Amino acid sequence: MGYFLLRRTVGFVLTLLAVSIVVFAVMNVLPGDPALTILGIEASEEALDALRRELGLYDPVHVRYLDWVSGALVGDFGRSHSFRVPVSELIVERLPLTVSLALAGMAVTVVLALAMGIGAAANHRKPGDWGVMFLSQIGIAVPSFWLSILLVLLFAVTLRWLPPGGFPGWSDPVAAIRALVLPTAALALVQAAVLARVTRSSALEVMRLDYVRTARAMGYSRQRVLWRHILPNALVPIVTIVGLQFASLVTGTIVIENVFYLPGLGRLIFQSIANRDLPTVQALVMLFATIVVTVNFIVDVLYVLIDPRLKARR
Amino acid sequence: MRRLPVNLILGATLVALVAGMALVSLVWTPHPHALMNIGARFAPASDVHWLGTDQLGRDVVSQLMVGARNSMAVAFIAVLIGASLGVTLGLLASALGGWIEDFVMRIADIGFAFPTLLFAIMLTAVFGPSLNIAIAAIAFINIPVFARVARASANQIWTRDFVMAARAAGQSRFAISRDHILPNIAAPVIVQMTIEFAVAILAEAALSYLGLGAQPPSPSWGRMLSEAQTLMYLAPQLAIYPGLCIVVAVLGFSLLGDGLRDVTDPRLVRNRA
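Protein chains in written order, with the working numbering: chain A, 520 to 833; chain B, -9 to 263.
These aren't lab readings, by the way, just hints derived from the structure by calculation.
Just so we're clear, the structure is a prediction, and the values are computed from it rather than from any experiment.
Mixed in with the good hints, there may be bad ones.
As the list claims (entries may be wrong) - Below, computed lysine to any residue pairings styled on SDA-like, alpha-carbon distance capped at 20 Å: (1) A:K645 to A:L567; (2) A:K645 to B:N(-3); (3) A:K645 to B:V(-4); (4) A:K645 to A:E564; (5) A:K645 to A:L633; (6) A:K645 to A:I657.
Said to hold, decoys possible - Simulated DEER-style distance windows between Cβ atoms: (7) B:L7 to A:E564: 24 to 30 Å; (8) B:N122 to A:A562: 21 to 27 Å; (9) A:L614 to B:V17: 35 to 41 Å; (10) A:G575 to B:I97: 43 to 49 Å; (11) A:R527 to B:V(-4): 52 to 58 Å.
Positions of the beta carbon are idealized from the N, C-alpha and C atoms, including for glycine.
Between the sequences and the hints, there should be enough to build the whole structure, so can you do that?
If you want it as structure tokens, here you go:
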């Protein structure tokens, strides 16, 4: 186990290193003058020169890369050109909204998917099963931003139950939660469609095993066998997919925040593109990629913790 | 002959529908798709405009048809590029083995750290928004996917007797990869391509919706939706049709992919629920 953890940790650090090189290379080494991108073609040569100096563009590439990485490690991502504050301040300010959205989305996804998937497996080859399979097949094909628009049309425009977008801030918790209901639903429904299928097939596989029949023969109720005996053993593939989904959920928030005009990191990234604010974009892309890599790493480790059989095999 | 699976037939039908829309749009649309007619803005569905007109009086059906063409073209080009590069890498990794194989696959792993959207955001920040950026981002994300599929399938073929025979006959690793491995991994690669088409159509729609893909005036389902979103109180119907098109296209390709897999990989049929 120790060796396995060590190997995975080294792999994790190396992956992050490689990711940071890719991000830096794409944003800095590809042809194009960041100073020109930021100031526009009508800028004077002196202004361009000053900005190139400020950005350290006259330094050799590897020096700039090391500066950036060593700064990022201690939370210093440079200054945002458009907001005129350190990028880290922007991130701290907007992170809570994005994290709340992602966590709420994940929670709803898991609850919904487990209920649908186990329910479908319990009703295998009955209308309930077909219904879930049909919904999940459709759900996989529905883009989250279109689902958002449909939800807004129904619940905000027609019924007027919930706000169509925007965020009032955390000072009024009820208004804040009301503003997050539709974004969370849009995020979760699409992901739940995928997870419900995995849950169903995983549960169906476990259901065929002998010990399940034994448990039933011993007189345990269907419900008890389902939740106490089948679900725990069906969890291994589910956890893997949940981890992978959390990554896509986090990037999903980028889309959803833009649909609902929520002032989180996803909205910030688009404002920064529009403002040609390259240091901010670079920091945020690295942050999102780091989240994806970190979650995958955690899932890899959890996977072994949940299923001791895998530990023995490695 | 065995009966074709339902998902294959349904998927093929939906794909044919969208592909038909796209192909017909090359020679004919009910109206010129970019023709504005402010007098007829927000026209309801009628004999003249089958699904009505948008905020500039443009015919919705014509725009959806041209949108289908753009969507399919982006998906096709991006997946083709990603698949060619990915399969080549996968074949190379499998043929050479050893540390080269490990190295290529580790590089592929790094590709998985970048969701399409993130990669498109990076490229757009540097080069500005354009459809080519969207294509490049989708293509890039497909490379590791196909490298994995190709390597995994190729590794199985390398153990077969006919490959042994070819090696014994003195054929080089590259020639074997080309003549014997590639044809034998075509089925899983084609299945994966079909599924990735669905993913690419979704990705293109999302990128265009966010302004990172097709630029005006080129019609795109994603951009039609982002324009419609600002008009939801005035003309909610405009927010419905492009979304339906996306769902039909994505559903079609993913069902077709599932169906093709069921047909080409008989081992799976037994497990099918």
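For each hint given before, does the structure comply? Return the numbers of the non-compliant ones in rising order.
1, 4, 7, 9, 10, 11
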